[in-house]
Amino acid sequence: MSTDSDRVGITRADVCTVAIAECFRGDGEILANPIGTIPVIGGRLARATFEPGLCCTDGEATLIADDTTFPGPESSGGLTSLDGKTVEYWNPYRSMFDWVWSGRRHIIMGATQIDRYGNQNFAAIGDPKQPKVQLLGYRGAPGNTINDTTSYWIPNHNPKVFVERVDTVTGVGWDRAVALGLDGPARYFDLRRVVSNLGTFDFATPDNRMRLRSLHPGVSVGEVLAATGFELAVPDEIPESRLPTPDELLLLREVIDPEGRRNAEVPDPA
Amino acid sequence: MPLGIIDDKLVTEDDVVGELRSGMTVAIGGWGSRRKPMSIVRAIVRSDLTDLTIVSHGGPDLGLLCSAGKVRKAVYAFVTLDSIALEPHFRKARQSGAIDDEPLDEGLVHLGLQAAAWRVPFLPTRVGLGSDLFRDNPTLRTVTSPYDDREELVAMPALELDAAICHLNRSDARGNALYLGPDLYWDDLMLQAAPTGRRFISTEKVLPTAELAGEGCLHQRRISRMMVDGVVAAPGGAHFTSCAPDYPRDEEFQAQYAAAARSPEAWDAFRTAWLDLPETDYQRKIREDRKPGNADGQEDT
Numbered sequence: 001m002s003t004d005s006d007r008v009g010i011t012r013a014d015v016c017t018v019a020i021a022e023c024f025r026g027d028g029e030i031l032a033n034p035i036g037t038i039p040v041i042g043g044r045l046a047r048a049t050f051e052p053g054l055c056c057t058d059g060e061a062t063l064i065a066d067d068t069t070f071p072g073p074e075s076s077g078g079l080t081s082l083d084g085k086t087v088e089y090w091n092p093y094r095s096m097f098d099w100v101w102s103g104r105r106h107i108i109m110g111a112t113q114i115d116r117y118g119n120q121n122f123a124a125i126g127d128p129k130q131p132k133v134q135l136l137g138y139r140g141a142p143g144n145t146i147n148d149t150t151s152y153w154i155p156n157h158n159p160k161v162f163v164e165r166v167d168t169v170t171g172v173g174w175d176r177a178v179a180l181g182l183d184g185p186a187r188y189f190d191l192r193r194v195v196s197n198l199g200t201f202d203f204a205t206p207d208n209r210m211r212l213r214s215l216h217p218g219v220s221v222g223e224v225l226a227a228t229g230f231e232l233a234v235p236d237e238i239p240e241s242r243l244p245t246p247d248e249l250l251l252l253r254e255v256i257d258p259e260g261r262r263n264a265e266v267p268d269p270a
Numbered sequence: 001m002p003l004g005i006i007d008d009k010l011v012t013e014d015d016v017v018g019e020l021r022s023g024m025t026v027a028i029g030g031w032g033s034r035r036k037p038m039s040i041v042r043a044i045v046r047s048d049l050t051d052l053t054i055v056s057h058g059g060p061d062l063g064l065l066c067s068a069g070k071v072r073k074a075v076y077a078f079v080t081l082d083s084i085a086l087e088p089h090f091r092k093a094r095q096s097g098a099i100d101d102e103p104l105d106e107g108l109v110h111l112g113l114q115a116a117a118w119r120v121p122f123l124p125t126r127v128g129l130g131s132d133l134f135r136d137n138p139t140l141r142t143v144t145s146p147y148d149d150r151e152e153l154v155a156m157p158a159l160e161l162d163a164a165i166c167h168l169n170r171s172d173a174r175g176n177a178l179y180l181g182p183d184l185y186w187d188d189l190m191l192q193a194a195p196t197g198r199r200f201i202s203t204e205k206v207l208p209t210a211e212l213a214g215e216g217c218l219h220q221r222r223i224s225r226m227m228v229d230g231v232v233a234a235p236g237g238a239h240f241t242s243c244a245p246d247y248p249r250d251e252e253f254q255a256q257y258a259a260a261a262r263s264p265e266a267w268d269a270f271r272t273a274w275l276d277l278p279e280t281d282y283q284r285k286i287r288e289d290r291k292p293g294n295a296d297g298q299e300d301t
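Chain order of the listed sequences is A and B. All the letters of the first sequence, read from the start, carry residue numbers 1 to 270 under the numbering used here. All the letters of the second sequence, read from the start, carry residue numbers 1 to 301 under the numbering used here.
A couple of the hints might just be wrong.
On the chain B side, residues computed to face chain A include the following (Cβ under 7 Å) [what the hints assert, rightly or not]:
1. Arg91
2. Ala98
3. Glu106
4. Arg126
5. Val127
6. Gly128
7. Ser131
8. Asp132
9. Gln283
10. Arg284
Hints in this document: simulated from the structure, not taken from any laboratory. Even glycine gets a Cβ: it sits at the ideal position worked out from N, Cα and C.
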């Protein structure tokens, strides 16, 4: 257990970033493809510490070796956006399917809605034929979830996101994967973890329902339950989310995210 | 115009529109708000074409055509303006029920175009299994592997096109073209999937074939004249989307475009200012708009 003096200056965003990095533990030499500010920073952190084999994108069309994050994708696109980057591989959008369909990627996606089995929606809210709110679309979620390891990042944990039932299943959840057959059509399905601003979650329950895996420091079980619109599995013992090590903190502050963009995505609770 | 003259395929935006018919399925190249053939899209907006089915990795091409009332159906995996995450004109069309849609995973778009280009009815994949794509897109079917595994897979149908329209950085007059930015996106597949006679590109600069060698690198010369029936010389033709490295996205203009989705009045004002005019006037206005104080300065030739 850490002492209070270890916690000085550690932000909620630091804890979230470490939790994201932990999602990639054990992945080896695959494409870590985190979408969003803290996921990109967390992916870099994992590579710079315990998962050196990971490959990371610059948010556009290359895989780069740099630990630092870039504010991409560049609005202009183009080769000028390569300035200062150490390119490992040219990775245009179409190449992504080669990684995804061959099982060499772990993506961290966002979700406008997610249910207890991890079914994700970021296509539309309401009637799919005439939605109340049109969102992005299916994007690559069906292909990502059926082919590769997938985790989710929810920076704003609330009952409108963690819902009883999603309006559209873009990313496949555990119940549907089981129905397809984990030894059959869904044999490459691997929905691993959900990280939110309140805690971390997995599906390590007998019926693959979402389970509270750890609480970020300062967050109570009651706070998580109140922010979750479905019945969450809550074990008797709930560990605290891992804190960043001094080395990790230094990397985050000095190299990976010196501008502190992670703290803008998840501000510290008042 | 005749398009059949082999050594010179130069046409205008309006010539391209003249080859299209209401009800056609048109693929539009680029990605999000990047390297979109906007000058041809604007020409479609000015035309009396209607009921188009648009296949696109969608950006303002699809949004603009929706607000102009040209779209019957959208075939897409996403629609975004990049710096503005959700395309407001597309959202408005969907939320008002003005258009039908056939949503897809972006990998399915890839396979659908590839199947059309290779002239096979479908290509198999796991993409889509377990998702609501089968609820929302009635064109999708599954197929059982004829081999011992007997696996059930998604049979992504060929995306049958009537036309394809893309914007490239450089070309010759015969349709050999190259991109200079980081990504070709799906331009080559769209042109290969569309039928001969209605495969169009616009380009920033048309050069003699021999001079293309001085542009970009060998590996960027991915568009062959065998894929192209008409070439539009369109400097600034991708505006306001990015056309790296020739020019970045015009973020200020894009914000103005996005704001035009807020009300019918805002749309009318945007349309009057930027759409109900010939492309040459549009390009001149953009240049004047971008150089305040230089509005009646240099001559444009």
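TODO: Please flag the earlier hints that this structure goes against, numbers listed from lowest up.
DONE: 2, 9, 10
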